[in-house]
Amino acid sequence: DAGVIQSPRHEVTEMGQEVTLRCKPISGHNSLFWYRQTMMRGLELLIYFNNNVPIDDSGMPEDRFSAKMPNASFSTLKIQPSEPRDSAVYFCASSFRRGGTDTQYFGPGTRLTVL
Amino acid sequence: EDQVTQSPEALRLQEGESSSLNCSYTVSGLRGLFWYRQDPGKGPEFLFTLYSAGEEKEKERLKATLTKKESFLHITAPKPEDSATYLCAVGGGEYLQGAQKLVFGQGTRLTINP
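As given, the protein sequences belong to chains A and B, one line each in that order. Heads up, the first sequence stops at 115 in this note's numbering, and the numbers go up one at a time, no gaps. Heads up, the second sequence stops at 229 in this note's numbering, and the numbers go up one at a time, no gaps.
For the record, the hints were derived by calculation from the structure and aren't laboratory data. No residue lacks a Cβ here, since even glycine has one placed at the ideal position from N, Cα and C. Please note that a few of the clues may not be correct.
To give a feel for the contact side, a few chain A residues facing chain B, derived at Cβ under 8 Å [stated by the list, open to error]:
hint, residue
1, L43
2, F91
3, D102
4, T103
5, P108
Okay, the calculated beta carbon distance ranges per label pair [stated by the list, open to error]:
hint, chain 1, residue 1, chain 2, residue 2, range
6, B, Y166, A, R41, 23 to 33 Å
7, A, G16, B, T120, 35 to 45 Å
8, A, H10, B, N228, 24 to 34 Å
9, A, M40, B, N228, 24 to 34 Å
10, A, V12, B, P155, 10 to 20 Å
11, A, S73, B, K174, 22 to 32 Å
12, A, K68, B, G131, 48 to 58 Å
13, A, R41, B, R127, 16 to 26 Å
14, B, E132, A, M40, 25 to 35 Å
15, A, S58, B, D154, 21 to 31 Å
16, A, G59, B, G144, 15 to 25 Å
17, B, E171, A, S66, 20 to 30 Å
18, A, Q17, B, Q129, 16 to 26 Å
Stretch-level coverage of chain B by chain A, calculated; a stretch enters the list once three of its residues show a Cβ under 8 Å from a Cβ in chain A [said to hold, decoys possible]:
hint, stretch
19, 158–167
20, 216–225
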């Protein structure tokens with residue numbers, strides 16, 4: 001069974017450009033998470049969806065960041081305009097609640113570099 | 116606020132030299148403590164979930180244990196392929212609708228020399 005799929009794996013862009021990261025969760029999972037990982041701050045939760053509905057976006061750094069989940073098999077994280085401080089690895093994870101517990105499974109990540 | 120502190124930040128061992136990684140946590144109502152392994156350039160890979168003090172889980176050379184304040188990841192007779200960053204996370208008081216919100220530690224970077 002395929003795991004979480006993310007694209008692109010690497011993205012290099014210039015400051016001010018729009019960046020769109022994509023994620024396909026594991027089939028059958030109903031929760032999706034976007035994280036950002038940096039050396040300084042580690043793994044930080046940006047936003048979480050349950051059944052395609054955004055539940056908590058308190059981790060989104062500012063209005064330049066937005067996320068959508070138009071259906072159960074696809075989500076995007078968009079940064080517009082991008083800034084050098086957005087450079088990080090962005091992970092998507094998905095989970096399915098079973099018996100009151102749920103384990104998050106991570107994708108391979110997108111390494112974003114903003115010049 | 117839920118907090119997770121991992122120690123040491125980095126650990127270098129010789130092949131076959133057993134040791135333990137520590138994860139200390141504060142949480143208002145533990146709903147699960149998770150261990151992940153992360154290789155360079157890859158996403159975190161799930162290893163274990165522990166739910167209550169006294170619980171233990173094993174996988175090959177790894178064993179995770181849990182107390183009310185901390186968890187240990189014991190590595191017995193490690194091999195070079197066990198080299199990775201090990202992340203600890205807690206699902207706690209802040210329970211998002213439908214799923215757990217995880218708070219991650221900074222990780223322990225483990226290197227096993229042949």
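**Asked** Regarding Q17/A and Q129/B, is the given constraint of 16 to 26 Å on their beta-carbon distance met?
**Response** violated, 47 Å
**Asked** Checking C-beta pairs, does the stretch 158–167 of chain B have three or more residues closer than 8 Å to chain A?
**Response** With 6 residues in contact (Cβ-Cβ under 8 Å with chain A), the coverage given for the stretch 158–167 of chain B holds.
**CB-CB spacing for T120/B and G16/A relative to the 35 to 45 Å hint** = For G16/A and T120/B the Cβ distance comes to about 38 Å; the hint holds.
**Request:** Hint says 16 to 26 Å; check whether the CB-CB distance for R41/A and R127/B agrees.
**Result:** Distance hint for R41/A, R127/B holds at roughly 25 Å.
**Prompt:** That 23 to 33 Å hint for Y166/B and R41/A (C-beta), does it hold up?
**Reply:** With Cβ atoms ~28 Å apart, the hint holds.
**Request:** Go ahead and decide if the range 21 to 31 Å is satisfied by the Cβ distance of S58/A to D154/B.
**Result:** holds, 30 Å
**Item:** Pairwise beta carbon distance, H10/A to N228/B, judged against the given window 24 to 34 Å
**Value:** About 30 Å separates the Cβ atoms of H10/A and N228/B, which means 24 to 34 Å holds.
**Item:** Cβ distance range 15 to 25 Å for G59/A and G144/B, holds or violated
**Value:** Since the Cβ atoms of G59/A and G144/B sit about 21 Å apart, the hinted range of 15 to 25 Å holds.
**Asked** Is 48 to 58 Å a correct range for the gap between the Cβ atoms of K68/A and G131/B?
**Response** This hint holds: roughly 50 Å between Cβ atoms.
**Request:** Have a go at the P108/A hint: is there a Cβ in chain B nearer than 8 Å to its own Cβ?
**Result:** holds, 5 Å
**Whether the CB-CB distance between V12/A and P155/B falls inside 10 to 20 Å** = Since the Cβ atoms of V12/A and P155/B sit about 19 Å apart, the hinted range of 10 to 20 Å holds.
**Asked** Do the numbers back the hint for D102/A, that is, is its least Cβ distance to chain B under 8 Å?
**Response** holds, 5 Å
Figure legend: structure checked against the earlier numbered hints; hints not met, in rising order: 17, 18.
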